[in-house]
Amino acid sequence: MIELIGVTKAFGPKRVLAGVDLTIASGKSMVIIGGSGTGKSVLLKCILGLIVHDGGTITLDGQDVRRAERDAFLARFGMLFQGGALFDSLRVWENVAFRLMRGATRHPKAQAREMAIEKLRRVGLTPDVADLYPAELSGGMQKRVGLARAIAAEPEIIFFDEPTTGLDPIMAGVINDLIREIVVEMGATAMTITHDMSSVHAIADQVAMLHDGRIQWTGPIAEMDACSDPYVQQFIHGRAHGPISAIR
Amino acid sequence: MTLTKGLRALGRPVLASLAAIGRVALFAASIIGHILRPPFYAREFGVQLLHIGWFSLPVVGLTALFTGGALALQIYSGGARFNAEAVVPSIVAIGMVRELGPVLGGLMVAARVASSIAAELGTMKVTEQIDALTTLSTNPIKYLAVPRVLAATLAVPVLVGVGDAIGIMGGWLVGITRLDFNSATYLKNTIDFLEGWDIGSGLVKGAAFGFIVALMGCYHGMTSGRGAQGVGKATKSAVVAASVLILASNYILTEVFFTS
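Residue numbers (the working numbering), protein chains in the order written: chain A, 1 to 248; chain B, 1 to 260.
In isolation and in its complexed conformation, chain A is listed as follows (with noise of 0.2 Å):
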C-alpha cells in the first residue's frame, strides 16, 4: 500500500503540491486526473523519489520511502513515461531487458534477449522489432517497448504516466486495454496519470483528482460520474466554464 499524508512541494515560489493526502490500496489501479500544470507527474515522481517532497510522509508499506534503500525499493517498481524515454543508444531488446540485465538478479544475455522478446510479444510486438533502434518505431510503438521495459521484471507497482497522450484513438484504446490486462494478470498495483477520460474507465479501480495541488476528490470508478463535485464533473465533461479556471 502507498500512503500518501500532507506531501508538500514547491519549486521557488510557485506551490506545486500542498498538502496531498492519498491512498492506493495494493493491486488496485489508481488513476489520476486533473489539469496541466497541477502537478500530478510531480506528484508521481515523489513517490519514486526522483523528486524529493518537502513536506508530508511517503510510505510504502509503513516504511518511509525516504528511509528505504534505494535499489530494494526501485526494484518493487515499473513505470512508463510519458513519452516513452527509450534509451537512444540501445536496441529495443536492450531496452526491454534493462534492467534484467543489471543489478542482483542479473540474466546471462541470451536470456535476457528472450525474456525481452516475450515481454514484447506479450504487447503486441513481433520478435523482429527487437534489433531496431527506438527512433526506428512509431509513437505508438515506442509505447509499448516502453511499457514492455516497465513490466520486463514483473514488478508490484506500476506507474503510467500519461500513457495515451500523442497516441490515435484506436492505438489508445489497445495500450488501456493492455495496461488493464497486465496489472490484472501480474496482481500489480498501478497508478496512472492522464487527462484521457476513456483511458480512465478503461484502467481505474479508484480514482483521485488532484487540483490546486490537492486531492479534490476520490472514489471508486463507479461513483466517478455520479459524482456531485462540481470540479469534477467539469474536468471530466471537459466544460471550459466553472470552479476550475481556464486560465492558469
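Hint data in this document are derived by calculation from the structure and do not stem from the laboratory. Each residue gets a CB set at the ideal place from its N, CA and C atoms; glycine is no exception.
Covered stretches of chain A (chain B as the covering partner; in silico rule of three or more C-beta atoms under 8 Å from a C-beta of chain B):
1) 71-85
2) 95-103
Label-pair distances were calculated between CB atoms; the ranges are:
3) R12/B <-> G55/A: 24 to 34 Å
4) A111/B <-> E136/A: 22 to 32 Å
5) G103/A <-> F257/B: 40 to 50 Å
Keeping the supplied structure of chain A fixed, place chain B upon it in accordance with the hints.
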C-alpha cells in the same frame, strides 16, 4: 541606499558564481567517488573511448599538422632577424609538445566532445531518459558520466601524443620542402633538444584537459534546462566553460611544471 543596492548587485552574481563552482565541485567529487566503486560499465566505457578518442583523431591530427607547419614558417621568419633559423626544429618540437599540442588538442576535443556530450545528456534529461535510468535502479552519474569522464581523461593524452608527433612532422615537412632544411639534420635537432619531461608535461596536461572537457559536457548536459533552448544553452555553456577552463588550467599547470 545606493551603496547597498550596488553591493547587492555585485554580490548576487558573485554568490551565484560561487554556488555554481560548488555544484561543479560536488559533481566532480561524485564522479571520482563512483570511478572506484562497482558496478563498472565496461561496454559504455569502451564505446566512449571510441567516440572520444578514435573519432577525434582526424580533427586533432589535422589541427596539429597545420599548426606544426605554420609554426616552422613563423620561427624561421622570426629567427631570420637574428640569424637563428637553425633553431626551427627544436622550437617547433618544444612548442608543440609543451603547449600547442595539448592546448589546441584540448580545445578541438572541447569543441567536438563537450558539445556532443552536453547535447546528448541534455536531450536525455528533457526526454526523461535520465529519470528512466534511475527508476531502473541505475545511477545516472555512474552509467553516463563516469565512462565519459574516464574515457576522455585516458584518451586525450593519447590524442595529444599523436598530435605532437603529427605537429612535429608538419614542421619537418615544411622545413624540408619550403625552408631547405636537410631531413636528417632536422630530425636530429628535434630529437637532441627534446627532453622526456617536455613530452610528459604535455601528456599530463592532456589528461587534465580531457577530464575538464568531459566534466563540463556531463555537468551542463545533466543539469540542462527544458526544451530545445535548454539543451542549446547547455551545449554552449559546456563548450565555453571547457575552453576557458582548459586555458586557465594550462597556465596553472605551466607555472607548476616549469617555473618552480
